[in-house]
Amino acid sequence: MIPVLRTEKLCKSFSNGAAQQHVIRNLDLEIMEGDFTVIMGASGSGKSTLLYALSGMDKPTLGKVFFGDADISGYTNDQLAVFRRKNCGFVFQSIYLLENQSVLDNVLTGAFAVQKNSPELIKRVKELLAKVGLDEEMQKKYPNQLSGGEAQRVGIVRAVINEPKILFADEPTGSLNSASGRDVLDIFTGVHENGQSIVMVTHDIKTALRGTRVIYLRDGKAVGEHKMTKYGGDDLKERREKLTAFLEEMGW
Amino acid sequence: MKIFRLSLFNLKRNKREAAAIVFLTLVTAFLMAVFAVSITQINSAFDRCFEETGSADFTLLFQSDKYRDIYRDILEDEYNVTDVRESSVLLGIGASALSKKGESIAYNMVFATESTERKMENFKKLNALPDDEIEKLSHPVWLPQYFEITGGFAPGETFTLVSGGRDYPFTVAGFYSTGLYNSDNMLKCIITDDDMVLLSAVYKEYRMIAFNTEREFSHVEYYEKCSEKSSENVSNIVMAFNKDTERRLETNFLNIFLYLSVFLSVVTMISALFLILHKISKDIEEQMVQIGVLEALGYTSRELSLSYIFEYILTGGVGAIIGGITAAAFSPVMDTLTRGMMNRDVHTDVDVLRIFIVVISIIALVALFALSRAARVKKLPPVVAFRKGIKTHHFGKNILPLEKMKRSINLRLAFKGVFNDLRSNIGMGVCIIAAGVAVMFSVYTFDFFKSGYNGLMGVMGMEFSDISVLMMSGVDGEKFCDEIRKFPEVEKVLLTRATENYVEIKGSNYGTIGAVCVSYADFSLTDNIHLKTGRFPEYDDEIMISAKREETENRHIGDNIIIKGDVCEKNYIITGIVTAMNNSGMSVYMTEDGYRRIRPNDRPNTVEITLRNEEDRPAFTDKLIAMYGASAKDTAYEQSAQGSLEERIRAKADEKMAVLISQYGVTDVDYAVRIGDTVISGNSSRFVIKEMSSMKDIAKSQMGPIAAVTKTFSFCAVIFIAVVVAVILSIIAVSAVKRQRREFGIMKSMGYTSRELMIQLTLRILPVTVISSCIAAVLSVWVQRAFWMAAFGVRIPESPTLIIGTAAALVLFCLIVTYISAGRIRKISVTELMTE
Chain A
42 MIPVLRTEKL
52 CKSFSNGAAQ
62 QHVIRNLDLE
72 IMEGDFTVIM
82 GASGSGKSTL
92 LYALSGMDKP
102 TLGKVFFGDA
112 DISGYTNDQL
122 AVFRRKNCGF
132 VFQSIYLLEN
142 QSVLDNVLTG
152 AFAVQKNSPE
162 LIKRVKELLA
172 KVGLDEEMQK
182 KYPNQLSGGE
192 AQRVGIVRAV
202 INEPKILFAD
212 EPTGSLNSAS
222 GRDVLDIFTG
232 VHENGQSIVM
242 VTHDIKTALR
252 GTRVIYLRDG
262 KAVGEHKMTK
272 YGGDDLKERR
282 EKLTAFLEEM
292 GW
Chain B
48 MKIFRLSLFN
58 LKRNKREAAA
68 IVFLTLVTAF
78 LMAVFAVSIT
88 QINSAFDRCF
98 EETGSADFTL
108 LFQSDKYRDI
118 YRDILEDEYN
128 VTDVRESSVL
138 LGIGASALSK
148 KGESIAYNMV
158 FATESTERKM
168 ENFKKLNALP
178 DDEIEKLSHP
188 VWLPQYFEIT
198 GGFAPGETFT
208 LVSGGRDYPF
218 TVAGFYSTGL
228 YNSDNMLKCI
238 ITDDDMVLLS
248 AVYKEYRMIA
258 FNTEREFSHV
268 EYYEKCSEKS
278 SENVSNIVMA
288 FNKDTERRLE
298 TNFLNIFLYL
308 SVFLSVVTMI
318 SALFLILHKI
328 SKDIEEQMVQ
338 IGVLEALGYT
348 SRELSLSYIF
358 EYILTGGVGA
368 IIGGITAAAF
378 SPVMDTLTRG
388 MMNRDVHTDV
398 DVLRIFIVVI
408 SIIALVALFA
418 LSRAARVKKL
428 PPVVAFRKGI
438 KTHHFGKNIL
448 PLEKMKRSIN
458 LRLAFKGVFN
468 DLRSNIGMGV
478 CIIAAGVAVM
488 FSVYTFDFFK
498 SGYNGLMGVM
508 GMEFSDISVL
518 MMSGVDGEKF
528 CDEIRKFPEV
538 EKVLLTRATE
548 NYVEIKGSNY
558 GTIGAVCVSY
568 ADFSLTDNIH
578 LKTGRFPEYD
588 DEIMISAKRE
598 ETENRHIGDN
608 IIIKGDVCEK
618 NYIITGIVTA
628 MNNSGMSVYM
638 TEDGYRRIRP
648 NDRPNTVEIT
658 LRNEEDRPAF
668 TDKLIAMYGA
678 SAKDTAYEQS
688 AQGSLEERIR
698 AKADEKMAVL
708 ISQYGVTDVD
718 YAVRIGDTVI
728 SGNSSRFVIK
738 EMSSMKDIAK
748 SQMGPIAAVT
758 KTFSFCAVIF
768 IAVVVAVILS
778 IIAVSAVKRQ
788 RREFGIMKSM
798 GYTSRELMIQ
808 LTLRILPVTV
818 ISSCIAAVLS
828 VWVQRAFWMA
838 AFGVRIPESP
848 TLIIGTAAAL
858 VLFCLIVTYI
868 SAGRIRKISV
878 TELMTE
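Going down the list, the sequences are from chains A and B.
Under our numbering, think of the first position of the first sequence as 42, with each following residue one higher.
Under our numbering, think of the first position of the second sequence as 48, with each following residue one higher.
Any given hint could be a false lead.
[Unchecked claim] BS3-like mimics (lysine-lysine), calculated; alpha carbons at most 27 angstroms apart, straight line:
1) B:K444 <-> A:K172
2) B:K874 <-> A:K100
3) A:K182 <-> B:K874
4) A:K167 <-> B:K426
Derived from the structure by calculation, the hints contain no laboratory data.
Could you build all of it, start to finish, from the sequences and the hints given here?
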């Protein structure tokens, strides 16, 4: 498999006055194309920080991040923005929809950052929204008129509408009830089945089960890795037991 | 106390906005207070000066040779005038004097002796040389304060009069204070009796009558009475000066600057109020959850509203108080400025009450506006506030849906943003309109004065030729003009009459010395006579009037007007309205044939020559002298020529003839001198030119300083308003970035660059800026017209290019300021936003 993302001695520190906090320490990591990578770890282990460093949302303190052959760690903020719009999609725990824009416009705002307006694009956006259960009527609504699950589905469509090379998700079901969370994860699974590379941060075992590779972080270092087959291709109970065993071994 | 603490908390959070409101209210209070104090103090300073100098309110200057005692009797008998003071003076209209830099400048000057001056006024001496030094001076002169303040002369320096190519140097003994003769209009110099005799050969003698009257004094009526009793057209031999006209001349520009200051203060006040409304709205929006929490904790909505109001009373109050104190401290500076513009020593008392009223009014206005907006807190009970108000629950129509987007996404998103904050945009629009009108008005004024006094010359309603030749009577004007036209240096030659060419208008109550009648055979050849409406007169029964006369006397195109000549009166039809400032904006204009209807024997006596290159004037003057001989006026003061006896006798005879012609109005002279058997004879036909002068020089001395001051003031006003606009827009942009931090963060996470978001924010103000600038452009033209008409009775030319250019520059400036201020978007960290 070809690595779509790669880090070399990645470090990320935050300073608070005189105190320096090293969140990621000399991390070497490869994210493979077509993988559904799940990053897990205890609170404060650096999961989200790693996600933001990998996705070009944030710059590393030291080390390098390669996207293909391109070293994005030296990019300016605007270069990173262009990199994100062309290559990445994001799904957030807090969803982050634009409140003053309708469902359709929220997705189109993301789409038009990369693509030109065309009837085909509009048709595709509407179809995608319909596919995740948001019909024409729902598409006219505003974020404050949606439930959490509905809003997150909009967030996912917005993230995948530009067919990113890699989709990042930061605890996408964290703020949802279990039924809504399951629906959202089903969408992720469906997207992955279509060949989408996904990197997801979670601390929920049910969510992690959807992945094909679980990386465990402790004190900013990748201390373990667990590989799985595609979700649905094996016995779920056995899959869960193996993952639980791995996590327990990691001290979770 | 707890409310006060909330206010302080808000202030600490928004230091930048608080500083802006302090700045704007400070400037408003300062400008308003300066206006409130100065507007009356200037008039009282002027009145005080008249009291101190003992100057009479009215003065008449009659040509001595035509003066009759009956004129004084009429004053005493029919106007109950007491305390009439009468004396002889010399008058030089357009008399040349050397400036400090040695340039020749034309002034209107009166010369009087010290004893005369003591008879007419108190002769209040100011800055002077010691008495023993003055006694040693051979030609001492006491100058009015004008020459000290505007001219820059000092006691002991040389003041040189120039006439007929000869210098008359005087030593400045000192300066004195005079009531009526201390402006561009007329300046009075005090000289010794001996020098008076010397200058009597240079300047014409006039009879000065000064008086006060408590009755309303109509010059026109008085001249009519004088004319009736003396059978002479008195309006042609008299010049009048009075306190009201002098006050207008001296304080007009000062008042204009003060009213412009008020205009600027209105702009800053509107800006401050808009900022307050904008900020309270945004604060409430931003702090809605906090408001809900505080209400849940037991704070009443009244208390929370008051916390906002206190915040602005505090900032507005600090600004207004500092502004008021600054205005009081500015008093000596204002005195200096006023001194410079009025050419008099001025001391204004600080009127604390007026300043206090200004400060209190500003604070009250701020409180009122803050109250109107802070009252919104009442509409937010805790539950609504927790849910961030009803406003965020968007149930409205989706304006400008992206689905129908045709061009740039940034443009579309920007325009969507306009509708999301419509109320704020309207407020900003009002602000830009006010600032735009002020800035455009200042730009037009600057443009008008940018080339010094040339702009003013264009609206004077009279021609300013390079050389003005007053011909001897009997000279064929047309033939003379034809000869002049043949010179290659000459661009244009016009035949007309001297400017002191007064007529009376029946039914006119305006004017002290009648109306100047300007006549040309063909007005289309003139440069500075511009029509406001209508057309130039073409037939002998047609006339044009000034715009001011149109307004003050309610006369219009198509109306009839009766003009009184020396012996008859004729009816004319008004064909056009002219932009004219000369003659206090009350001139009339008719064709040469039209003028002859009232004065059949009066032939045009002045040739106005415009050269292709103004710099050729000295050389061309020499050419004229070489061709036509020196003017009678110049010949009168020439040194007698050297040579044979006959040559010397002829030169002396010429000099004598010239004195008779130039000083006593003699038209033809013959002479014969017998020496032994030889008879040397001649006549005055050798004189073609009576006098040569330059209207441009007079314009330069009278309008130059005013033009320079106005240009500087308008330039400063443009800069000042630009700063105000920049402050407002940058605060709006920064507050928008703060408020929409989350939205911008989300957009950044989607891949929108900071630059794109900055462009979006900038484009959001584009519609309101364009619309406001267009409205401001229209209003500024209207304000400019109204201002110039009210102040000077003229309409200055408008340049569509300048109007459009200024409006476009304003739009561009607003966009640039907003773009730069939106740079804060760069500081928004997506990661921080996501991990909040």
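| query | Within a Cα-Cα threshold of 27 angstroms, do K874 of chain B and K100 of chain A meet the stated pairing? | reply | holds, 14 angstroms
| query | K444 of chain B and K172 of chain A: Cα distance at most 27 angstroms? | reply | holds, 25 angstroms
| field | Pair hint K167 of chain A and K426 of chain B, alpha-carbon separation not exceeding 27 angstroms | value | violated, 39 angstroms
| field | Straight-line alpha-carbon gap K182 of chain A to K874 of chain B, limit 27 angstroms | value | violated, 32 angstroms
This entry does not satisfy hints 3, 4, going by the numbered hints stated previously.
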